[in-house]
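**Q** Each chain, written out:
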Amino acid sequence: MMIRQFILFVLIVASLSSCNEKTVIIPPFEAPVSDRVILLEELTGVSCQNCPKGAATAQGLATSVFPGQVVVVAVHGGFLSDPLSQSQFDFRNDDAEELEDYLKPWLGKPAATINRIQFDTESNFGIDDPDKWQGYVADVLERPHVMELQLASEFNENTRELTVNVGAIPLEDMTGNFRVTVMLTEGGIIDAQLDGAVIIDDYEHNHVLRDIITEVEGTSLATSLTKNEVLNRTYTSIVDPSWDVDHMYVVAAVANVDGGKEVLQAAEIHLN
Amino acid sequence: MQKLTIIIISFLLLSPMYGQEKGVFSGGLETNANFFIRDSLIGANNIPQYDRQLFGAEGWFNLNYRYQGFEIGARYDYFMNSNLRNPNFSYTDQGIGRWYVKKKINKLGITVGHIIDQIGSGIIYRAWESRPLLIDNALVGARLDYAINENWNVRGFTGKQRYLFETNPGVIKGATIEGFHSLSDSTTFTVAPGFGIVNRTLSDENMDQVINIIQGYLPEDQVTPVYNVYLMTLFNTLTYKNFTWYVEGAYKTEEVFRDPFAKRQEINGTTTLGKYIRDDGMVGYTSLSFAKSGFGITLEAKRTKNFNFRSDPTMALNLGLVNFIPPMNRQNTYRLNARYSPATQDLDEQAYQVDVKYKLNKKWSFLANFSNIERVNDFGVEVLDTSGKKQLYRELFLGATYKQKRDWSLTAGVQLLSYNQEIYEGKTDVPLVRTVTPYLDILYKLSRKKSIRFETQYMYMYDPDHVDDPDKPFVKQDYGDWFFALVEIGMAPHWIFELSGMFNAAPGKNSPTDSETGEKLKIFYPTVGVYYTNKANRYGLRYIKQVEGIVCSGGVCRLEPAFSGFKFNVTSNF
Chain A
5 MMIRQFILFV LIVASLSSCN EKTVIIPPFE APVSDRVILL EELTGVSCQN
55 CPKGAATAQG LATSVFPGQV VVVAVHGGFL SDPLSQSQFD FRNDDAEELE
105 DYLKPWLGKP AATINRIQFD TESNFGIDDP DKWQGYVADV LERPHVMELQ
155 LASEFNENTR ELTVNVGAIP LEDMTGNFRV TVMLTEGGII DAQLDGAVII
205 DDYEHNHVLR DIITEVEGTS LATSLTKNEV LNRTYTSIVD PSWDVDHMYV
255 VAAVANVDGG KEVLQAAEIH LN
Chain B
913 MQKLTIIIIS FLLLSPMYGQ EKGVFSGGLE TNANFFIRDS LIGANNIPQY
963 DRQLFGAEGW FNLNYRYQGF EIGARYDYFM NSNLRNPNFS YTDQGIGRWY
1013 VKKKINKLGI TVGHIIDQIG SGIIYRAWES RPLLIDNALV GARLDYAINE
1063 NWNVRGFTGK QRYLFETNPG VIKGATIEGF HSLSDSTTFT VAPGFGIVNR
1113 TLSDENMDQV INIIQGYLPE DQVTPVYNVY LMTLFNTLTY KNFTWYVEGA
1163 YKTEEVFRDP FAKRQEINGT TTLGKYIRDD GMVGYTSLSF AKSGFGITLE
1213 AKRTKNFNFR SDPTMALNLG LVNFIPPMNR QNTYRLNARY SPATQDLDEQ
1263 AYQVDVKYKL NKKWSFLANF SNIERVNDFG VEVLDTSGKK QLYRELFLGA
1313 TYKQKRDWSL TAGVQLLSYN QEIYEGKTDV PLVRTVTPYL DILYKLSRKK
1363 SIRFETQYMY MYDPDHVDDP DKPFVKQDYG DWFFALVEIG MAPHWIFELS
1413 GMFNAAPGKN SPTDSETGEK LKIFYPTVGV YYTNKANRYG LRYIKQVEGI
1463 VCSGGVCRLE PAFSGFKFNV TSNF
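Order-wise, the sequence lines are chains A and B. Positions 5 to 276 (the working numbering) are the ones given, in order, by the first sequence. Positions 913 to 1486 (the working numbering) are the ones given, in order, by the second sequence.
Rather than coming from a laboratory, the hints here were simulated on the basis of the structure. Only a predicted model underlies this, so the values are computations on that prediction, with no experimental measurement involved. Check each hint, because a few of them may be wrong.
[Unchecked claim] Which chain B residues face chain A? A few, computed with CB under 8 Å, are given here:
#, residue
1, Asn998
2, Phe1107
3, Gly1128
4, Asn1140
5, Leu1185
6, Thr1226
7, Leu1229
8, Glu1334
[Said to hold, decoys possible] Some chain A residues close to chain B (C-beta under 8 Å, calculated; not the full set):
#, residue
9, Phe13
10, Gln53
11, Lys136
C-beta atoms are modelled at their ideal positions from N, C-alpha and C, and glycine is treated no differently.
Please construct the entire structure, taking both the sequences and the accompanying hints into account.
**A** Here it is, written out as structure tokens:
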């Protein structure tokens, strides 16, 4: 008797799973129209097997999905960044390690911070699924554009001295703790990279963070900003002779670190 | 605060009054306090606890109360600069981590609050707790159970999955019927069948996130997500004389989940691994045991395909797990034998295990265990072996125990192991780690209350595929060879003293390097500890220097970073 009831229970309950739901429609993606420029800091490393996916995603966002609206910085800090036996270069540096620490918590690599925002839907600061980055960039681009950032640089080939001029133009009155970070990145570097279970000897590394010429957490800019009142800052640095200036970029970002780390606007120019 | 108020009122309402039956309180405390001492050589650095906080703690205090058919309980959780949530960071929070109210009314049982439960062996649903892994995925909701008769019961539940002091937004509901039936007049031939079903409905917030992800794919990689996924399982335990046979088959309807090995075309033309796919899944699991006159044998087999089930499909690692797939390897306890332990693979795993125990007489007993875990599908870039399968784990564990009355006992044996570090730990450029680990355990009773135990193992790592290259010195895989020894003195009923050390006898490629000479270092990792037990209270204080490793609980694992410092632990039950 009980066995019959058991079978009946199974049939009734199993039949519930056949109920159909309305099909979910995936709308075509449309990049938001915005004057914002987003800083995407990609936590990566040459000994990280999934990092080529992160790099490809970041590159795709910067060049194809949101052209001109995403600035990528590839941070080769301490974790999974040890050079491979085939490596010619060591991309690690003190600034990258310090920045990697500043962008914690993150669980693994690849991970990225988008404008250094802690998203409510993420338990960590660094988002470790590259598939999510596009959605978060689109989300941030839809937020109000509050600052223009202008960049100019001069490079003396003889002394290798670099001068960077940063001009921040607030588009509304704001108070907080505003800091500016200026970074140097290099691309087009051919060197080994782990990819899954294989090592790619001639992998092209782009956006590699070489130096931060301000403080890593940003140099103080102001505590209150007035609409359309331009703030200019100048920074100088000596560019390491082993770096190829033809493939180098200057990246700047202004963040409000009062109660968070959120970047308001980023900018990128070629170094020379 | 609202939770706390409800719990206090519940306790007050149920408090015994004059002339009425007295209630019963029970509970317990577990707390860990860690004092971090920076040691950059072994990798115990670069987290806030080593750099500036120096101290971290976590604890759980639970209180239960039974009174006139009611049972209520609550647990206070606290995390103070704890690295349990994220080994790389510090987590601080506290509050009511669990509460529940239960009442039995004739054949009907009612539970509301945080509910721990399981269907079958947990393959489609398991709400459970493992503190070392910081897993407590209780269902926050309601459950009804009904005893149809003395052998059959049915229950149903609905709620959201707990995550720390929050709940994940998706809604989970399920039902199960379980029974027992004797097929003969005696109890030698019985069956205990069961059937369960679980459904998870994504929240709109979850669905938006999934859509955002899939929107970013090229059209050829896009799939259509679904709000609802259903999991069904049919299971039975058949007992006949000395045989016990458990079998369970589970099916999961199509849903979208992340497959880290699926190929995806990026917008800039490159092909990468890892994307969300839509597919159905299954698990088949069986276990056959025979036991008679000191002889016992258990055979287990399992096949898993696409059975990743989370409250939120965008979660990863140990987050959001709704089900539990049984592990298929021996749960080792000796330090080096347990160093490489496989995490259950929920997307593709084919495994079997044989465990044999034989007690020859009062003095001699023997055990042998063999487990083999493979992946079957070709995931594209990975190299499969000639049989078309990818070896994940293989272990042969042999042991013998000799007991000399109550004076002393000796256990010795050997473990041979292959472990796929690339899959289990995400480490790259590593072929299968292969080890041979003999072990010895001697317990000598000095008196009725005093005993001394000595334990030692040597892990030898070898690489049968290695080809000598004069230009490239051979370096062993991972950390290379280890030697471990432990002396434990017990003075019942209060004291246990422990002195142990783990020595990296032949360092491997992941062993720390001397920054000046570039040579791999042979580092000694000592542990000194003392435990004091007084009735139901136990206190432990240990100085530990520990290499990074894997901590597993039933096939669910997490990477435990290197540790240097003191650990103080208190457990208490009342």
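**Q** Could you run down the list of hints and mark each one as holding or not?
**A** Hints versus structure:
no.	hint	verdict
1	Asn998	holds, 5 Å
2	Phe1107	holds, 5 Å
3	Gly1128	holds, 4 Å
4	Asn1140	holds, 6 Å
5	Leu1185	holds, 6 Å
6	Thr1226	holds, 7 Å
7	Leu1229	holds, 7 Å
8	Glu1334	holds, 6 Å
9	Phe13	holds, 5 Å
10	Gln53	holds, 4 Å
11	Lys136	holds, 6 Å
Checked against the numbered hints above, the structure breaks none of them.
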